[in-house]
Amino acid sequence: MLIPSTTGRGLVNLIADIERRLTGSSLADHLDADLAELVPDGDSVCLVLFDGLGASQAVGVDEFAGSLKAVLHAPFPTTTTVSLASVASGRTARGHGVLGHLMWLPSEGVVANVLKFVTPAGQPVRTQYEAFIPGQTLWERLRAAGIEPITVQPGGFAGSPLSTALYRGCRFEAVWSKSEWIDATAQLASEPGRFVFAYWPDVDVAAHVSGRSSAAYRHAVTDAARLWQRLRERVAGPLVGTADHGHLDYRESGKLLLRDQSMDSLTWFGDSRALMARGDAAKAAELLAGTGARLFAAEEFSDWFGFDDSPHPELNERMPDLVALAADDTLLLPRGFDKRLVGYHGGLSRAEVEIPLLIG
Amino acid sequence: MIVREAPEESPQQDRPAGLLTSTLLVLGAVAVLAGTGTSLTGAPAGTAEIEPLADAPAAESGRWLPTGAINARFLSPRWIGNAYLIESDAGTMILRPDGSTMESGLHGLEDVRGASTHGPATIVFGRGVDGPTLWTVNRTGEWDSVQLPWQGSVQAVATVDGDVVVLGTDHDREWISGRHPWPDDGIWDEWVVRPIDPPGTVVRSVDGGFVARSLTADEYLISEDGNEWLPFATLLIHPVGEVAAVESGTRPTLRLVGDDRVITPPEWPVSALWRIDDRIWIQTPRAAWWSDDGWRWNRLPFDQASGFVGGLYILLPFSDRAMIVGPTEMGRRDLYTWFLGD
Numbered sequence: 001m002l003i004p005s006t007t008g009r010g011l012v013n014l015i016a017d018i019e020r021r022l023t024g025s026s027l028a029d030h031l032d033a034d035l036a037e038l039v040p041d042g043d044s045v046c047l048v049l050f051d052g053l054g055a056s057q058a059v060g061v062d063e064f065a066g067s068l069k070a071v072l073h074a075p076f077p078t079t080t081t082v083s084l085a086s087v088a089s090g091r092t093a094r095g096h097g098v099l100g101h102l103m104w105l106p107s108e109g110v111v112a113n114v115l116k117f118v119t120p121a122g123q124p125v126r127t128q129y130e131a132f133i134p135g136q137t138l139w140e141r142l143r144a145a146g147i148e149p150i151t152v153q154p155g156g157f158a159g160s161p162l163s164t165a166l167y168r169g170c171r172f173e174a175v176w177s178k179s180e181w182i183d184a185t186a187q188l189a190s191e192p193g194r195f196v197f198a199y200w201p202d203v204d205v206a207a208h209v210s211g212r213s214s215a216a217y218r219h220a221v222t223d224a225a226r227l228w229q230r231l232r233e234r235v236a237g238p239l240v241g242t243a244d245h246g247h248l249d250y251r252e253s254g255k256l257l258l259r260d261q262s263m264d265s266l267t268w269f270g271d272s273r274a275l276m277a278r279g280d281a282a283k284a285a286e287l288l289a290g291t292g293a294r295l296f297a298a299e300e301f302s303d304w305f306g307f308d309d310s311p312h313p314e315l316n317e318r319m320p321d322l323v324a325l326a327a328d329d330t331l332l333l334p335r336g337f338d339k340r341l342v343g344y345h346g347g348l349s350r351a352e353v354e355i356p357l358l359i360g
Numbered sequence: 001m002i003v004r005e006a007p008e009e010s011p012q013q014d015r016p017a018g019l020l021t022s023t024l025l026v027l028g029a030v031a032v033l034a035g036t037g038t039s040l041t042g043a044p045a046g047t048a049e050i051e052p053l054a055d056a057p058a059a060e061s062g063r064w065l066p067t068g069a070i071n072a073r074f075l076s077p078r079w080i081g082n083a084y085l086i087e088s089d090a091g092t093m094i095l096r097p098d099g100s101t102m103e104s105g106l107h108g109l110e111d112v113r114g115a116s117t118h119g120p121a122t123i124v125f126g127r128g129v130d131g132p133t134l135w136t137v138n139r140t141g142e143w144d145s146v147q148l149p150w151q152g153s154v155q156a157v158a159t160v161d162g163d164v165v166v167l168g169t170d171h172d173r174e175w176i177s178g179r180h181p182w183p184d185d186g187i188w189d190e191w192v193v194r195p196i197d198p199p200g201t202v203v204r205s206v207d208g209g210f211v212a213r214s215l216t217a218d219e220y221l222i223s224e225d226g227n228e229w230l231p232f233a234t235l236l237i238h239p240v241g242e243v244a245a246v247e248s249g250t251r252p253t254l255r256l257v258g259d260d261r262v263i264t265p266p267e268w269p270v271s272a273l274w275r276i277d278d279r280i281w282i283q284t285p286r287a288a289w290w291s292d293d294g295w296r297w298n299r300l301p302f303d304q305a306s307g308f309v310g311g312l313y314i315l316l317p318f319s320d321r322a323m324i325v326g327p328t329e330m331g332r333r334d335l336y337t338w339f340l341g342d
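As given, the protein sequences belong to chains A and B, one line each in that order.
Numbering of the first sequence is given in my numbering, commencing with residue 1 and proceeding in unit increments.
Numbering of the second sequence is given in my numbering, commencing with residue 1 and proceeding in unit increments.
Think of the hints as simulated: they come from the structure by calculation, not from any bench.
It is possible that some hints are incorrect.
Simulated DEER-style distance windows between Cβ atoms [as the list claims (entries may be wrong)]:
1. A:Ala215 x B:Val129: 20 to 30 Å
2. A:Ala65 x B:Ala90: 52 to 62 Å
3. A:Asp260 x B:Val129: 51 to 61 Å
4. B:Trp295 x A:Asp260: 20 to 30 Å
5. A:Gly146 x B:Thr140: 56 to 66 Å
Reference excerpt, derived from the structure (chain A facing chain B, CB under 8 Å, subset only) [stated by the list, open to error]:
6. Thr127
7. Glu173
8. Ser179
9. Asp183
10. Gln187
11. Ala216
12. Arg218
Keep in mind the model is a prediction, meaning the values are calculated, not measured.
A virtual CB, placed ideally from N, CA and C, is assigned to each residue, including glycine.
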């Protein structure tokens with residue numbers, strides 16, 4: 001088990017470091033000195049995030065070989081929404097308040113799939129998406145300091161609830177093909193005084209759907225590596241690459257379906273690798289007996305969400321009473337959790353936590 | 001307390017973040033539609049059908065009929081005249097009105113950048129094995145490739161005063177334009193190539209010109225000839241039907257270049273707009289709509305396509321039918337067809 005750093009070696013620290021270089025200040029701790037010295041300075045910074053490309057997955061890929069300079073930590077739980085909220089806010093989960101893939105939203109009284117803002121049953125969760133990240137976003141702070149923030153993303157994400165929540169104050173550049181993604185990223189990053197954040201989703205999709213040993217996954221990693229190589233050729237200023245989490249494959253026999261009727265007496269959320277429960281923690285522990293999961297009480301896991309001087313106002317109500325980290329090779333799947341995938345993440349294994357620090 | 005049970009359908013049709021939706025707002029400005037080419041009536045010779053339908057749908061109107069499936073995450077469909085060029089896991093394919101796909105027949109293709117129309121003809125453009133390339137359909141229904149006289153890229157192609165105008169970059173990534181009269185003999189050897197000012201980023205072809213995103217501001221640029229560019233704050237750009245629209249009064253309306261009809265969409269937001277054989281199509285979050293006059297609308301509700309669970313649809317209208325593509329299983333996109341009937 002690897003508890004992610006949020007004080008010098010985490011994704012949030014990379015963001016804070018970039019913010020400090022561009023504006024002179026940041027809300028989270030910046031990178032430890034040995035990592036910070038790897039990141040070049042420049043008038044503009046281009047950060048590429050390959051969704052689902054853990055550090056172990058980038059090793060051995062030729063196009064990444066010369067760029068893989070170090071390993072960072074994804075935040076807990078190791079999932080896209082938490083990492084992207086850390087990027088968009090420049091703060092830890094304690095500050096931005098996004099605590100998982102499926103998270104308990106007390107003000108709405110529902111568990112929400114935050115990627116899509118729907119309940120596990122598929123019903124839309126209507127909330128004030130624009131206000132989901134409290135305080136000023138990273139983009140708003142950059143803009144106030146005279147730095148123009150731009151994100152380059154697949155066009156289908158434009159205007160989605162999650163994009164609305166995450167990219168308040170950021171120019172959203174929608175692209176519809178790989179060549180457009182490269183052009184927009186390279187050309188927009190060529191102007192001074194900018195922070196360009198380019199997001200690429202394909203590795204994660206392939207790893208979820210087909211698994212790390214599949215041809216579809218290898219194709220997606222090769223594609224991502226070639227995109228990175230082409231950006232290296234075209235971006236003159238600082239080019240930094242990373243990811244939001246890694247991936248692991250699971251056999252059907254490792255998918256533990258939790259279907260006891262008593263499960264309904266608690267509220268379950270989080271991820272199948274890091275299951276969270278609100279309610280009677282003793283009852284939760286009883287229900288999870290025999291799964292091999294390691295159970296953690298609030299005083300044990302509280303620090304995993306990092307530190308922030310101004311915690312999210314709803315943090316305590318969103319926090320679980322218990323976190324269950326699934327044993328190696330297993331997934332904890334209460335009703336409503338997706339059991340159809342091959343690849344999963346969210347836990348604290350090295351493969352899930354460690355993400356690459358790529359320097360172009 | 002673990003129960004192992006037979007496979008069941010999870011109520012949470014949770015999908016990773018990579019699946020595309022097409023929900024852009026139509027907000028502003030002047031506009032245009034991708035063209036209505038009518039060529040490419042059949043399979044180019046030498047191409048192979050790779051995903052035949054198990055059961056071809058009967059031509060029944062009034063509801064969505066299961067039509068097939070595509071293994072694809074990003075379709076990026078481009079209208080090429082009674083068919084769509086799509087990006088699937090198997091490469092660049094042609095999706096025909098019957099829902100079947102076939103190899104594109106675009107020889108030497110490495111990466112499609114786009115497609116545009118020149119009168120009744122369709123031009124596909126992108127990166128070929130020997131550099132920037134155009135593909136056009138010849139009299140026998142096969143694709144001919146035309147290598148452009150520079151190394152670098154082709155970004156967009158449009159018709160300007162009857163000529164084909166290509167915008168691209170040379171080997172030093174300097175912007176250039178190439179202009180050529182439409183060659184009735186099929187020989188492309190009269191290119192006039194000259195440098196141009198950088199128009200912006202993500203330059204796209206539209207019927208009647210080009211659009212781009214400004215490099216310096218969060219705004220669109222449009223141009224009829226690739227030389228003069230005008231800024232527009234809001235504009236809908238969609239990979240299928242590049243569209244610009246006008247907002248007027250409290251109820252937004254759309255206005256198309258070269259078309260007298262004022263389009264009053266029945267609901268908002270509108271995510272995409274097409275003009276296929278003079279019929280107007282729009283997509284809203286819950287339905288496809290078609291109209292012959294821009295005022296009276298026919299609704300094709302998405303929720304009648306059984307099996308679809310999310311709102312992530314791609315509408316693909318044809319002359320006499322519409323197809324929708326949506327994710328029903330991980331990594332698979334199912335097709336449904338609605339025949340318009342008599």
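Hints, one by one, checked against the model:
Checked against the hint of 20 to 30 Å, the pair A:Ala215 and B:Val129 passes, with Cβ atoms roughly 23 Å apart. The supplied range of 52 to 62 Å is broken by A:Ala65 and B:Ala90, whose beta-carbon atoms lie about 29 Å from each other. A beta carbon spacing of about 59 Å between A:Asp260 and B:Val129 agrees with the range 51 to 61 Å that was offered as a hint. Here the CB-CB span from B:Trp295 to A:Asp260 is close to 58 Å, at odds with the stated 20 to 30 Å.
Distance hint check: the CB atoms of A:Gly146 and B:Thr140 are about 59 Å apart, consistent with the given range 56 to 66 Å. Below 8 Å, beta-carbon pairs count as interface contacts, and A:Thr127 has none with chain B, the closest being about 17 Å; its hint is therefore violated. Annotation: A:Glu173 was flagged as interfacial toward chain B, and the flag holds, the nearest CB pair being 6 Å apart, inside 8 Å. Annotation: A:Ser179 was flagged as interfacial toward chain B, and the flag holds, the nearest CB pair being 6 Å apart, inside 8 Å.
At a threshold of 8 Å, the smallest CB-CB gap from A:Asp183 to chain B is about 6 Å, leaving the interface hint in force. The restraint placing A:Gln187 at the interface with chain B holds, with a minimum CB-CB distance near 4 Å, inside the 8 Å limit. Using the Cβ-Cβ criterion of 8 Å, the hint placing A:Ala216 at the interface with chain B is satisfied: the shortest such distance is roughly 7 Å. Because the smallest distance between the Cβ of A:Arg218 and any Cβ of chain B comes to about 13 Å, over 8 Å, the interface hint for this residue is violated.
When held up to the earlier numbered hints, the structure conflicts with 2, 4, 6, 12 and fits the remainder.
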